[in-house]
Amino acid sequence: MDPTRAFLKDVKRIIIKVGTAVVTRTDGRLALGRIGALCEQIKELNSRGFEVILVTSGAVGVGRQRLRYRKLINSSFADLQKPQVELDGKACAAVGQSGLMALYDALFSQLDVASSQLLVTDNDFRDSDFRTQLTETVNSLLALKVIPVFNENDAISTRKAPYEDSSGIFWDNDSLAALLALELKADLLVLLSDVEGLYSGPPGERDSRIIHTYVKEKHQGEITFGDKSRVGRGGMTAKVKAAVYAASAGTPVVITSGFATDNIIKVLHGQRVGTLFHRDAHLWFLSKEVGAREMAVSARECSRRLQSLSSDERRKILLGIADALEANENLIKIENEADVVAAQQAAYDKSLISRLTLKPGKISSLSNSIRILANMEEPIGQVLKRTELADGLILEKTSCPLGVLLIVFESRPDALVQIASLAVRSGNGLLLKGGKEAMRSNAILHKVITGAIPSSVGEKLIGLVTSRDEISDLLKLDDVIDLVIPRGSNKLVTLIKESTKIPVLGHADGICHVYIDKSANMDMVKRIVADAKLDYPAACNAMETLLVHEHLLKTEELNDLIVALRVEGVVLYGGPRASTELKIPAAHSLHHEYNSLACTIEIVDDVFAAIDHIHRHGSAHTDCIVADDQEVAQIFLNQVDSAAVFHNASTRFCDGARFGLGAEVGISTSRIHARGPVGVEGLLTTRWILRGSGQVVDGDKGVVYTHKNLPL
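Counting with the numbering used here, you get residues 69 to 780 for the letters of the sequence shown.
Please keep in mind that the hints were generated in silico from the structure rather than gathered at the bench.
What you are looking at is a predicted structure, and each value in this text was computed from that prediction instead of being measured.
Among these hints, one or two may not hold up.
As the list claims (entries may be wrong) - Below, computed lysine-lysine pairings styled on DSS-like, alpha-carbon distance capped at 27 angstroms: (1) Lys284 x Lys77; (2) Lys559 x Lys504; (3) Lys769 x Lys465.
Turn these sequences into a full structure, and let the hints steer you where they fit.
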């Protein structure tokens, strides 16, 4: 649970306010699906022991819809030609209230929940006896697990302009909900809106961003409100005013979307849904804290300063980072060991702990990779193509950085080093979001690396996002982040792909195959299979499925291979044929990444069956054939549609450093932009530079296009 939501564990009594924009559709009719989802959430909370009070709007809107219909069917054609007079709001409220309450009663009855109606006016609360009686009545209803449903009785309200007048004790259902939260001593007030929460500006504007925790001292002067709600009276301005009032008096408030089917439940589970108002919010956020957006903007500014340096100056920064890592190796080792111990105590999976551990020699290896990267050809500003468009008009296509990268990774602190060095080499700004299990390792590595970046560029070139900024927040920054690269579990990668508009580069699975053809040299097979499975079982390029030609099924060589794997502790599972023929447990899925000492074996008819199996059950990562028959090998290399396809070589070679890329930000199975191990080139894009001498288009009059390719 987010630390700012820790108070939720003590919540018992909740007031939920739902506005007209949520309970009605754009055509004015009731939004039955949203109201039904609201009632189901209230039912769940009621059954879990929460005391739930509902404040609802919508009666005026429902009544207006009904009266307009009645007026229409009772009007003559001549009547319809006359100017239409706006319906009386009090009459609309009187007609709509009974219909709205009847719907709530019907829905709650279907869920085996009892509800009650309480209509109040502003003047009622001027009477102390009324307030006392109201509290007693509500307490009695809640004790009986009955849901009190409040609404302002607009039909008999004495306020002169009930839809505009904001004087008095309360002036709309938002302020009524805030008043009830204090009168009835609620532990939480949830205001449901037609947007996700409070934004820094109108939600439709490009630069607007959601504010997850409202800090009055920080946000009061920064927020720009748009138009009021399309229906109802207040819109977001009224909600914020009510929320500030209730929160300052001691009742926490969350403004969130009523269009989602489970947001109230998510709020109570401590998820950062909507905007939280709390009287202690100013104590949670120090002025020096920087949000994700500010980090991304700073990273872009620093990257532009980095790009303005000479190639040699950028090279020296990388060499300085390599030296700094080696100089601080002992300190890095201490922090990493602390992470490993914490992970072991938390009983994390062995494969995760393996990825988390910086093994002896790892820092030296990383530093050497950075030096190789530093001495590679300058990637920025390379002229890729030169074209003469017309006489004296020269067009160049050049390489340039993508901009700002967001890398989300789990458990592998060495990934931080590789990614940071590639970002510097490619001139990109960088935001890093590491897993909590590697928190100490990531923090010290980030400190060491940014400490080696000169002030002329700025240490904010590389930002380390702490756990306070959740991934979901970062993925909404499509206006300041140019590419997301997830490195981690299938669950993480899938979540990111489904949750952002930012382009995503990566792979969700590493289901790598080794196919043993009938022509294979079995001594070679043993070496390759052992390396592909045993060298680093937790790696994404480790073998997860072994495909065997059927001619090898009854051979002694295959039996020896299986025995050798078992001796090394590999647990074997079989596909439909192999489980029967080899008498091994059946694999629960042929599309499975073990990340451990386990693998699937299946028997196939020939190379074409192997290719078909890979396409059906693989992940387009890395696949290998072991064969002496060159024709068969070429068929495999040509037809397997994966990012990397090998002949007589271990799948473990699919790695940026081993490919001579210096390092990698990850391995991509995408088909757009970059595929396979992604090094510097995968972090670059192109731009066009046109040099002329005063030429104009002018309808192409007098322009003679030559489109001549020029030497680079």
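**Asked** Taking 27 angstroms as the top limit, are the C-alpha atoms of Lys559 and Lys504 close enough?
**Response** Within the cut-off at roughly 16 angstroms; holds.
**Message:** Against the 27 angstroms threshold, does the CA-CA distance of Lys284 and Lys77 hold or violate the hint?
**Reply:** The given pair, whose Cα atoms are some 24 angstroms apart, holds under the 27 angstroms limit.
**Prompt:** If you draw a straight line from the CA of Lys769 to the CA of Lys465, is it 27 angstroms or shorter?
**Reply:** 26 angstroms, holds
Of the numbered hints stated above, none is contradicted by the structure.
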